[in-house]
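Chemist: Protein chains in written order, with our numbering: chain C, 584 to 1174; chain S, 413 to 637.
Careful: at least some of the hints might be erroneous.
Restraint ranges, calculated between C-beta atoms of paired labels, are given here [said to hold, decoys possible]:
no.	chain 1	residue 1	chain 2	residue 2	range
1	S	493	C	795	13 to 21 Å
2	S	462	C	1170	43 to 51 Å
3	S	449	C	1161	49 to 57 Å
4	C	621	S	416	26 to 34 Å
5	S	549	C	589	51 to 59 Å
6	C	1095	S	612	45 to 53 Å
7	C	1171	S	596	41 to 49 Å
8	C	1078	S	462	49 to 57 Å
9	C	605	S	414	55 to 63 Å
10	C	642	S	462	29 to 37 Å
Looking from chain S toward chain C, a few residues come up when the C-beta cut is under 8 Å (computed) [as the list claims (entries may be wrong)]:
no.	residue
11	460
12	550
13	552
14	555
Honestly, the hints are just simulated from the structure, not real lab data. All residues carry an ideal CB built from backbone N, CA and C; glycine is no exception.
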Amino acid sequence: MTVNGWLQILVFCAVLIAIAPLLGGYMAKVYTGRRVFLTRVVALPERLLYRAMGVDPKREQDWKSYAKSLIIFSLAGWLILYLVLRTQSIQPWNNYGGVAFHAAPWNVTFNTTSSFLTNTNWQYYGGETTLTYFSQMVGLTVQNFASAAVGIVVAIALIRGIANRTSSNIGNFYSDMVRTILYVLLPLAFISALVLMSQGVIDNLSHYVSVHGISGIAQTIAMGPVAGQEAIKELGTNGGGFFNVNSAHPFENPNGFTNFYEMLLVLAIPAGLVFTYGKMVGSRRQALAVFATMFVLFFAAVTVAYAAEAHGSPAQHAAGLHTQVVADSTGGNLEGKEQRFGIAGSALFDVVTTVTSCGAVNSSIESFTGLGGAVPFANLSASEVIFGGVGTGLYSILLYVLLAVFLGGLMVGRTPEYLGKKIEAREIKLVALGLLITPLTALFSTALATASAAGRASISTVAAGGPQGFSETFYAYLSQANNNGSAFAGYTGFIQPAAGNAGSHGVTFADLLGGFTALFARYAPILFALAVAGALAGKRVSPVGLGTMRTDNATFVVLLIGVIILVGALTFFPALLLGPVVQALTGHLYH
Amino acid sequence: MRRDLLIAFRSIVVITILFGLGYPLLVTGVGQVIFPGKADGSLIKRDGKVVGSALIGQQFYENVIGKNGKVQMSKGEPVTQPDPRYFQTRPSGTVPADNAAGSSFANYGPNSTVTLAALQSNIAGYLALNTAPDKRLYDPHVTSAAGVPVDAADTSASGIDPDISVANATIQAYRVAAVRHLSLVTVDRLVAQYTTARSLGLLGEPGVDVLELNLALDRTGKGSH
Chain C
584 MTVNGWLQIL VFCAVLIAIA PLLGGYMAKV YTGRRVFLTR VVALPERLLY RAMGVDPKRE
644 QDWKSYAKSL IIFSLAGWLI LYLVLRTQSI QPWNNYGGVA FHAAPWNVTF NTTSSFLTNT
704 NWQYYGGETT LTYFSQMVGL TVQNFASAAV GIVVAIALIR GIANRTSSNI GNFYSDMVRT
764 ILYVLLPLAF ISALVLMSQG VIDNLSHYVS VHGISGIAQT IAMGPVAGQE AIKELGTNGG
824 GFFNVNSAHP FENPNGFTNF YEMLLVLAIP AGLVFTYGKM VGSRRQALAV FATMFVLFFA
884 AVTVAYAAEA HGSPAQHAAG LHTQVVADST GGNLEGKEQR FGIAGSALFD VVTTVTSCGA
944 VNSSIESFTG LGGAVPFANL SASEVIFGGV GTGLYSILLY VLLAVFLGGL MVGRTPEYLG
1004 KKIEAREIKL VALGLLITPL TALFSTALAT ASAAGRASIS TVAAGGPQGF SETFYAYLSQ
1064 ANNNGSAFAG YTGFIQPAAG NAGSHGVTFA DLLGGFTALF ARYAPILFAL AVAGALAGKR
1124 VSPVGLGTMR TDNATFVVLL IGVIILVGAL TFFPALLLGP VVQALTGHLY H
Chain S
413 MRRDLLIAFR SIVVITILFG LGYPLLVTGV GQVIFPGKAD GSLIKRDGKV VGSALIGQQF
473 YENVIGKNGK VQMSKGEPVT QPDPRYFQTR PSGTVPADNA AGSSFANYGP NSTVTLAALQ
533 SNIAGYLALN TAPDKRLYDP HVTSAAGVPV DAADTSASGI DPDISVANAT IQAYRVAAVR
593 HLSLVTVDRL VAQYTTARSL GLLGEPGVDV LELNLALDRT GKGSH
């Protein structure tokens, strides 16, 4: 570890803490229908959009109606995306990759479609070798916006459920979604695309460039409309790369500044929404308690990951490499990492992308050390509540908050209340189900995949001897269940002999299991979160008394952290022991 | 239900047109106007011909000449080896190496014997490259694996990492200077010139852009083709 490395991490934290309340306050205004500086520009397009969509934005919906709109909209999005991806052979820009692109097989396309709909963006597809510019733009970019917006509006609906005192309605789905895109996602993405391009992120519609290098060796350089998608990919915590190696590719992430900026984009909305929540329920302290919980867990994860990666891997030490930092060399485990990011920039990015449900990567997680690789496992095991995905992080941690209030209430022997609303049997049942679905889905799918030959066929044959093969499998389903999308990328679901998909085939078992895992673990918790919103909306608020348990002080933060770790640990400890922990503890090399 | 479906499909079509075509094409258009070179991939030309991108690593290899004076062939392809006159990029996990149209991770696990073998092979290659034909070390300090900077042994993430560490470049400078009959001072000065500092003096790690450095070496007129 170096002073500079820590400085980068601390500056990042400081900037994040500075911008989160600003963005959060702005979003609170957007979702309570107040005027913001963009209103003048956006109001007219917003009205036109409602008319084109046939939507009445004033129609308030109860939770069932809201959920119905959300599910049907997602279903329509799924069909359109699948159609786009499967018609590559007749699309424009089809031969810009040097060969005519065919569609990827049905099973891989099922996986890709399901994962983009659910904000997972798992990459069995290979970016520049699999998808046309048209698919990237009209297919993936659209869902980068839409799936991010869907996540955010669920969080907003849950906030309204907690805050509403008179009505059991929780807003209008289409209005919330359109406002999310027009007021938040689009302006930030557009400006960010310009910032990224100024640093060297490409954006063009050129053919792939074929060159002869200076020693005469032929090289083809993939091109494409990258910057626009890169910006929304990070901002919407989507994470599906334009290129196969995602944000490790120099055209997606060319230097230390873009690396910093992209990490900030990933965390901006998840961190900001916490303060949106504070504004909308009228308690800044409540927001600070949630933010503190997230930040403590985040910082712990960064510390462990950075220390582990700076220490180096058993394979490096066995090869006789010196992994200490020496002058002009990063030292540490630089396997699967880029020189320009070094150890600190890679470890921090890794934590940022796995605490949120982003899943973009700037280094190979498979090549992280046992302990360094255990950090993303732990982040995912906490069900993406450490900031989490856009919207998903907030609604998931609010479910944890309700659980902590319930447990705290039992301990002090009072009826549990949150912000004056009684938490009763119905709510706590919904909360428990909503919180347990994702981990159970992850474990169930992992069990299926490890217990069957069809599942084990996906394990990498290259470098995954011993526990690593189990880690790959477990991570694949943990990641897809949490809608993250980062991978121990040796795990295969797509065999592609050449660019353009000619002769390629998917691994049906892995593709379908992954796709269904993502879909189920996305929409079931959304329904439970909305049901909780519906149950809380319109509940009478009881006045704060002497015996009311405080939920905005340090004691509660400790309780909340304890509950999150306890649930995650009880669910995942046995499985974690079999994979990353074994590698971290033994330092043994496996065939 | 029918009304819901109608709204959903109308919405997704409208959103697709606006954010799947409008937004990306607007970004592309603006980028092409404001940042033409960068948005097109920071391509580098020599004598009017594009030779690569400043952001993309490439192979600096030469054909192996057999004892009979002919290019050695294997399976119809010429056998190649690192060209000692050029600085070499980091090990790559793509097929073939430095494939900029098919980026991929190597995915070497931390506790794998396969990883160990790959590291040992990279280290051996690096030491051999920096040893003169008369068995003398170009850089007298680098005698074993312990002296090899991690970036020279570890595979990069993208497989097309354009940079190497300054430590790595400093070691290779001895070889390049000797083979090209340049003074070490000259080569070190070029290394310093093509070293990219941390962004804003803080973010990321310094790196030496190998393609730009090699182009500058060729411009010295010593030892180029």
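Chemist: Could one say that the CB atoms of residue 462(S) and residue 1170(C) fall in the range 43 to 51 Å?
Modeler: 47 Å, holds
Chemist: Tell me if the interface restraint on residue 555(S) is satisfied: Cβ within less than 8 Å of some Cβ in chain C.
Modeler: Check failed: Cβ of residue 555(S) comes no nearer than 11 Å to chain C, outside 8 Å.
Chemist: For the hint 51 to 59 Å, verify it against the beta carbon of residue 549(S) and that of residue 589(C).
Modeler: Taking Cβ atoms as reference, residue 549(S) and residue 589(C) lie about 36 Å apart, which means the hint is violated.
Chemist: Do residue 1171(C) and residue 596(S) keep their Cβ atoms within the hinted range of 41 to 49 Å?
Modeler: Holds: the Cβ-Cβ distance is about 43 Å, inside 41 to 49 Å.
Chemist: Does the Cβ pair residue 1078(C), residue 462(S) satisfy 49 to 57 Å?
Modeler: 33 Å, violated
Chemist: Falls inside 49 to 57 Å, the C-beta gap from residue 449(S) to residue 1161(C)?
Modeler: 51 Å, holds
Chemist: Within 29 to 37 Å or not, the Cβ separation of residue 642(C) and residue 462(S)?
Modeler: 57 Å, violated
Chemist: Confirm or reject the claim that residue 605(C) and residue 414(S) have a C-beta distance inside 55 to 63 Å.
Modeler: Given range 55 to 63 Å: violated, Cβ gap about 43 Å.
Chemist: Given a hinted range of 26 to 34 Å, is it respected by the beta-carbon distance of residue 621(C) and residue 416(S)?
Modeler: This hint holds: roughly 29 Å between Cβ atoms.
Chemist: Does residue 550(S) hold up as a contact with chain C if the rule is Cβ-Cβ below 8 Å?
Modeler: 17 Å, violated
Chemist: Interface hint check: residue 552(S), Cβ to nearest Cβ on chain C, cutoff 8 Å. Holds or violated?
Modeler: 17 Å, violated
Chemist: Does the beta carbon distance between residue 1095(C) and residue 612(S) stay inside 45 to 53 Å, or does it fall outside?
Modeler: 46 Å, holds
Checked against the numbered hints listed earlier, the structure breaks hints 5, 8, 9, 10, 11, 12, 13 and 14; every other hint is satisfied.
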